[in-house]
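Q: Next come the chains, spelled out residue by residue.
2 protein chains.
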Amino acid sequence: MSKIFSISKPLDMHLHLRDNDMLNLVGPLTSNTFCGAIIMPNLVPPVTTKEAVVAYKNRIKQACGNDTFEPYMTLFFQNYSREFLEDVKDEITAIKLYPAGITTNSETGVSSMDIETLRPTLQAMSDLGIILCIHGETNGFVMDREAEFMPIYESIASNFPNLKIIMEHITTKSAVEMLDKYPNLYATITLHHLLITLDDVVGGMLKPHLFCKPIAKRYEDRAALLNVALGANPKVCFGSDSAPHPKNKKESCGCAAGVFTAPIALQVLTELFEKHNCLDNLQKFVSDNAINIYGINPPSKTITLEKADFKVPSSYKNDTETVVPMYANEVIKWSLVN
Amino acid sequence: MSKIFSISKPLDMHLHLRDNDMLNLVGPLTSNTFCGAIIMPNLVPPVTTKEAVVAYKNRIKQACGNDTFEPYMTLFFQNYSREFLEDVKDEITAIKLYPAGITTNSETGVSSMDIETLRPTLQAMSDLGIILCIHGETNGFVMDREAEFMPIYESIASNFPNLKIIMEHITTKSAVEMLDKYPNLYATITLHHLLITLDDVVGGMLKPHLFCKPIAKRYEDRAALLNVALGANPKVCFGSDSAPHPKNKKESCGCAAGVFTAPIALQVLTELFEKHNCLDNLQKFVSDNAINIYGINPPSKTITLEKADFKVPSSYKNDTETVVPMYANEVIKWSLVN
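Residue numbers (our numbering), protein chains in the order written: chain L, 359 to 696; chain A, 359 to 696.
One thing to keep in mind: the hints can contain errors.
Put simply, identical chains are the same to the list, so a pair is met inside one copy or across any two.
Mimicking DSBU-like on lysine-lysine, the simulated pairs with C-alpha atoms at most 30 Å apart in a straight line are [claimed, not checked]:
no.	residue 1	residue 2
1	LYS669	LYS419
2	LYS565	LYS605
3	LYS607	LYS565
4	LYS565	LYS531
5	LYS633	LYS565
6	LYS675	LYS565
7	LYS539	LYS642
8	LYS447	LYS408
9	LYS419	LYS408
10	LYS675	LYS419
Since the hints were made in silico from the structure, they are not lab data.
Okay, chain L solo, but in the shape it has when bound (with noise of 0.2 Å):
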């Protein structure tokens, strides 16, 4: 008889779901398997109204089509007033901010993190509980972008002792260090930053659907990853930043950076976890300290998955769109138990 491993209200606390047709195609692969994620906000144009929040999430109920998805919606980083936040607190969960031009969709945001001009709209949040969510990379080379981003969020860590702060997708050993030295930082991790280097993306032949931003890193920068993650370090928790691209975009001149693995991630989770011996605490990774971090109280749900061979479809589709999975056409050793 195989193995069985269950988890309890799993979470994706970094999600791209796109919109339209892209989302009805890769909204469900995400709700079949996670009870709630984080929304990111980086539409053409961004989400940045009430009235955009709750016509997204709105959207993205349709679209998943069921009672135990909860999306936790984000409004994309600008200068607020706090009339306006205080106006939409209730529909979001964090603001998201990104460096204009960082990655996908990014062009409106931030042009200068100097602290005093973006002052009034962190204290309005750190004082009604808004928790920020950052795409955390200078415009500088590419392996030190994150690095060099530390003592922006040392300052703003410093600065707003009460503002929860999430460095997202971390994908440095610099990044890990910074999680120990302020008590309102947080991190999320991705499954692909857990399992691939720079190497391959670029080390042997080049592959697209494994290039992302931020750019997969060193392999001391993995392991620091990995320690955290497989130990269930409190501060932490899993954000997939699963990033469907249309399969012509990807497989052409100029790709967009993102790899989508929305389908395969809590089986994957499970099989590096198993392999590391740590399934113990991939419920915490997952679920529970997302739960504590955020102050979020997700739909029950338990997901059961047994270690038995799963091949990763080439692609998924409908009429509109195509999406190619990370591992597509290889065999993972975890599948969902329907």
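Position chain A relative to chain L; hints supplied.
A: For chain A alone, kept in the frame of chain L given last:
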């Protein structure tokens, strides 16, 4: 009247011409501007016999179709006997050593860089005056592979002081610094490594046509390369490493490494040296230094360029092959005068 610049006997000391239809397509694009080139032996199967060298040279001459282009032939490094090397000596200029599996068609390369294993062949090469060209990368982390190879260069250079060793397509400050340490160490430098860093490959959108081995490195590495190239350091010369791959193999999942620069190399080098006010040094970098290092006597040929915009074609093609050049669809500032 537009500015005119002439260059005598331009040489490309590291060139991939492939074979058959691809050779017929790309050969003339090099022989049109260069009077000679060191021809890489990594065909499938690799060039390892006298017959193969002679036959390949004849196919190249036929493809290039003119008397003002000399293919300087190389053998694919193996442990060859002294008798064989004596016999083949007049047909080759150098032997190219690839660590196994390090780049395109290098699977049958050297599996151990142990100096004692290589000694008989290297000693015979040294005695016979055959130049050793090396693709100097370990199988370590992609950004460290060349720097990690430096002790191997040091070992060969010090064990065989009369063997001329070419560090091919160097990409790092570490390699540049080696030039001053051993009188018998030289280097080729590509066009693309004088122009790009890793940021150009993966820092924005993914650029498969700029994906190459060794991978482009950091800004300080590029600065070190520019310093010795623009200064026409007598120990370095131009080697394009122009590496044509079919368009569909470059623009797909698992794209092969290589930048195709043959048709635009001399023009863009002119633009680069002019921009840095070093145009007077280009003759040395692209010809004189190579003639001195390799002790060759290339065919007479003078190429004249004018400062006039040239729109680089989107691709070069014949009935069966299509190759995308660097700067496809972009405008470069110098043109060939026919």
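Q: As a check of your reading, is LYS565 near LYS605 (CA-CA no more than 30 Å) within one copy, between copies, both or neither?
A: both (13 Å within a copy, 16 Å between copies)
Q: Is it within, between, both or neither when you check LYS565 against LYS531 at 30 Å Cα-Cα?
A: For LYS565 and LYS531, both the intra-copy (24 Å) and inter-copy (27 Å) Cα distances are at most 30 Å.
Q: Please work out whether the CA atoms of LYS633 and LYS565 approach to 30 Å or closer within one copy, between two copies, in both situations, or in neither?
A: Within. Shortest intra-copy distance 25 Å satisfies the 30 Å Cα cut-off; inter-copy 35 Å does not.
Q: Could you figure out if LYS675 and LYS565 sit no more than 30 Å apart (CA to CA) within one copy, between two copies, both or neither?
A: both (21 Å within a copy, 25 Å between copies)
Q: Treating 30 Å as the Cα threshold, decide for LYS607 and LYS565: within, between, both or neither.
A: Both, since 13 Å and 12 Å are each at most 30 Å.
Q: Since the copies are identical, ignore which copy is meant and state whether LYS539 and LYS642 lie within 30 Å (CA to CA) inside a copy, between copies, both or neither.
A: within (21 Å within a copy, 55 Å between copies)
Q: If the cut is 30 Å between Cα atoms, do LYS675 and LYS419 qualify within a copy, between copies, both or neither?
A: within (20 Å within a copy, 50 Å between copies)
Q: If the cutoff is 30 Å on CA atoms, where do LYS447 and LYS408 land: within, between, both or neither? Let me know, please.
A: Within one copy, since 9 Å is at most 30 Å while 78 Å is not.
Q: Pop the pair LYS419 and LYS408 into one bin, within, between, both or neither, using alpha-carbon distances up to 30 Å.
A: So LYS419 and LYS408 pass the 30 Å test inside one copy only (17 Å; across, 70 Å).
Q: Can you tell me if LYS669 and LYS419 fall within 30 Å by alpha carbon in one copy, between copies, both or neither?
A: The answer is within: 28 Å in one copy meets 30 Å, while 50 Å across copies does not.
No hint from the list above goes unmet by this structure.
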